[in-house]
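K.L.:
Residue strings, one per chain:
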Amino acid sequence: SQTIHQWPATLVQPVGSPLSLECTVEGTSNPNLYWYRQAAGRGLQLLFYSVGIGQISSEVPQNLSASRPQDRQFILSSKKLLLSDSGFYLCAWSWGAPETQYFGPGTRLLVL
Amino acid sequence: KNQVEQSPQSLIILEGKNCTLQCNYTVSPFSNLRWYKQDTGRGPVSLTIMTFSENTKSNGRYTATLDADTKQSSLHITASQLSDSASYICVVQGNTDKLIFGTGTRLQVFP
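Residue numbers (the working numbering), protein chains in the order written: chain R, 12 to 123; chain P, 62 to 172.
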């Protein structure tokens, strides 16, 4: 069976510090991978998606970047965090059609 | 503009009662509509997914309906349980890989 992991679960970082959130998927090959952000009281916003190693599409201009160094690894990064980067970050994977997306447990990021 | 709107924004019901959540969308063309359940602080979990040709789909006590002509969907929860307390998110996919998320309905079930 497939599982998706995210870490850390929670993170408190000062403004201007770097960020690295990791997501890994087990039990599947060549999944589509996604990073979402969920701000308080807001819907899920797609940040990045990837259909393969090294292939990253960005949905919105922002302070964040994503990388996919391995087939089942997706990393969300920032060089300098902003207050507005606070939120709940969710990684998801999908495969096949129609694509049901399976979400990870999420990382709650608080930038102070 | 492609949008997904859900109502009510929040809902409180007593354990054992039924409830219905609404989702209206303007996404066109339409590929499929999904309902997710999201417990507080957790990732969303898929409940149902319906394509254009399907107008109802059940998953246990959850029954989703879809009217692609009026672009409306509902999620009916039967005999609610305390564990049904969560946010329910309607998600619509158009003709691309992109999903458009509603802001959700926050359901609270009290004993």
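Possibly wrong hints are sitting among the right ones.
Said to hold, decoys possible - Here are a few chain P residues that sit away from chain R, every Cβ distance over 10 Å (derived from the structure): (1) 95; (2) 107; (3) 122; (4) 131; (5) 133; (6) 140; (7) 144; (8) 164.
Unchecked claim - Ranges of calculated distance between the beta carbons of each label pair, as one might list FRET restraints: (9) R/52 x P/83: 14 to 20 Å; (10) R/80 x P/169: 37 to 43 Å; (11) P/71 x R/71: 43 to 49 Å; (12) P/106 x R/51: 17 to 23 Å; (13) P/169 x R/84: 33 to 39 Å; (14) R/50 x P/74: 37 to 43 Å; (15) R/50 x P/113: 39 to 45 Å; (16) R/82 x P/77: 42 to 48 Å; (17) R/80 x P/77: 48 to 54 Å; (18) P/75 x R/41: 45 to 51 Å.
These are calculated hints, taken from the structure and not from any lab test. We treat Cβ as the ideally placed atom computed from N, Cα and C, and that holds for glycine.
K.L.:
Can you give the numbers of the hints that this structure goes against, from lowest to highest?
P.N.:
The structure breaks hints 1, 2, 8, 11, 14, 15; every other hint is satisfied.
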